[in-house]
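Colleague: Could you slot chain P onto chain E? The hints should help.
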Amino acid sequence: MSTILIGVDDTERSADAIAFGGRLAEATGAHVVVAHAYPYSDLHGRANPAQRNELRERALAIVREHRARLATLPDDRVTIRITADPSPAKALHHLAHAEKAALLVVGSSHTGRAGRVLPGSTGERLTHGAPCAIAVVPTGYRADEPIRRLGVAFNDSEESRAAVSAAAALAGALDAELDVISIVTPETYTTPMLAGIAVQDLRPDIEREVQATLDAAVAALPAGVTAHGVRATGDAEELLTEHSEKLDLLVMGSRGYGPLRAVLVGGLSGRMLREAHCPVLVVPRGIEAPLAALAGATATTTA
Amino acid sequence: MPAPIIAAYSPYTEDRAPVALALAAAELSDSEVTAVAVYPWTMTEGFAAPYAFDGETQQLVTSALQRLHEDLGVKTEVVNDLSIPRALHALAREVGAGLIVVGSTGRGRAGRVLAGSTAERLLVGAPCPVLLAPRALEDRRLTTIAVGFVDTPEGHDALAAAHALAAHAGARLRVIAVLHPSGGLDAAMAAGLRPQRAAMLEGRHRQAIETALDQALAALPPGVDVERDLHVDDPAEVLLRISEHVDLLVCGSRGYGPLRSVLLGGVSRRLVDEARCPVLVLPREAGRPLEGLFETDDAVPAS
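First to last, the protein sequences are chains E and P. Going by numbering that gives the first Met the number 0, 192 is the number at position 193 of the first sequence; the sequence numbering is gapless. Going by numbering that gives the first Met the number 0, 142 is the number at position 143 of the second sequence; the sequence numbering is gapless.
Bound-form chain E, shown alone:
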């Protein structure tokens, strides 16, 4: 049984996280853990039982309220967890480990734009080093719109292949279509341009090469997944942001260097986490098929 961990606090943005996490759980048959960290520490003579109880009660009320929003999920599919920790990021990190979560879902910061993603300080810290995939949900996420179309950014790197595998698994579980998006950026051809080679000679070459790689990636997807290769040339951030308006979820890989089995946002994924119009999910690096277990859970529940 796979687990989706949803981090909540007492703000509206947590409702966005619950809405998205709940729908993924419904579709995949995953178990949900609704977690909240309250700012209390027993360390160093700071212990204060009366205050701890008060904070604990408040924390329980918060998670129960969010749990109640997951009306379609029976009690044996949902666990609530509260943790005393002055750092919610640390608490969620440890819980993701302890619960062997496949995915951690958080809402966006209250300072963000409506309908756009923007991790708050907790989300930000988790996007650097979380032990499992992490999804950041835009503010004002609509729970009633079905997840019909997924997108995944693909540049033929190992990390992006992991993202494609995760996105395909999710698309299968959600019965959604999948756009595999490859972007030819100016950097890939500016250097020879400076060297005196006319860009119009080179660009078609690069585009052909990218298209071929993209076609091969799409062709290699499991038969049950309806996937489209989308190739565009230009600024990757701009084009992906624009495309995200048509998507219900954008999946990305971690950057290609740094510790393994951890989420590490890179240049483009970092910018998409501040710009996208749909939830953004970043998979950890060094795992070939992240979310396979999560999406595979469908088979066990429907069988």
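Note that these hints are calculated values from the structure, not bench results. Any given hint might turn out to be false.
[Unchecked claim] Here chain E is said to cover these stretches of chain P; the calculated rule only asks that three of the stretch's residues, wherever they fall, bring their Cβ under 8 Å from a Cβ of chain E: (1) 83–93; (2) 118–124; (3) 252–261.
Beta carbons: idealized from backbone N, C-alpha and C, even for Gly.
Modeller: Just chain P, lined up with the frame of chain E:
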């Protein structure tokens, strides 16, 4: 052989601060310093070969490195990569670097650190300590080193590393313990406390920190002039104020996330964006994070 030191060098800005700092560190450890310029000659795979390098830019890069070599006598290297942090990260792993020194972004004020995109990415996930140099650093003498003390494994590692560095440099060590006015509680929670209660919590917490600090200092070898302070204030604010009066600020990584990697926490995050002296961030759970540079403790001069 002590582990080599990598200094990131931008051939465009020609800011020599990281190289100067790397050389200063190398004087203490006898490490070899390589000044590395990263330039994207590379093209998309399959396209690199047929096209010549851009002669003019190549000339600019090589002549900047040539000048650097002539003035400072430092070994230089050019690496091909579209991503500067990725190249530095890969090189650090390849040569088993004991330290990466990076400069601040050109947007910052002279004499202050401000992590740019390269430093930012290395400060998340680098496999060895990262030293961030202020822009246009003038004085690179190391007479006073400061370290923020927290009673966690990461905090003890940072203290030990700063102490070893001070011993090698013959520098004074300022150990700063900071007690948050809220006694470690969330500010909103602390606001609700009665003043006497807050004072009592503060007293107990203060005592706990002092005891931990005493024990930690007693376990370190003698021979370093140590000055210790305990402040009741916001930890980042205190360390930023102190950064005006010291030559180096040492801090550990946050206490969760991938091991043996550098990972900024809440306080170090602010230090790398505002400090007025170089900031050294150590990787998590590396045991003795600077041991690659300083191989044996026997070499510590009993000054």
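Colleague: Take the hints in turn and mark each one as holding or not.
Modeller: These are the hints, each one checked on the structure:
{"no.": "1", "hint": "83–93", "result": "holds (count 4)"}
{"no.": "2", "hint": "118–124", "result": "holds (count 3)"}
{"no.": "3", "hint": "252–261", "result": "holds (count 8)"}
Violation of the numbered hints given earlier is absent; every hint is satisfied by the structure.
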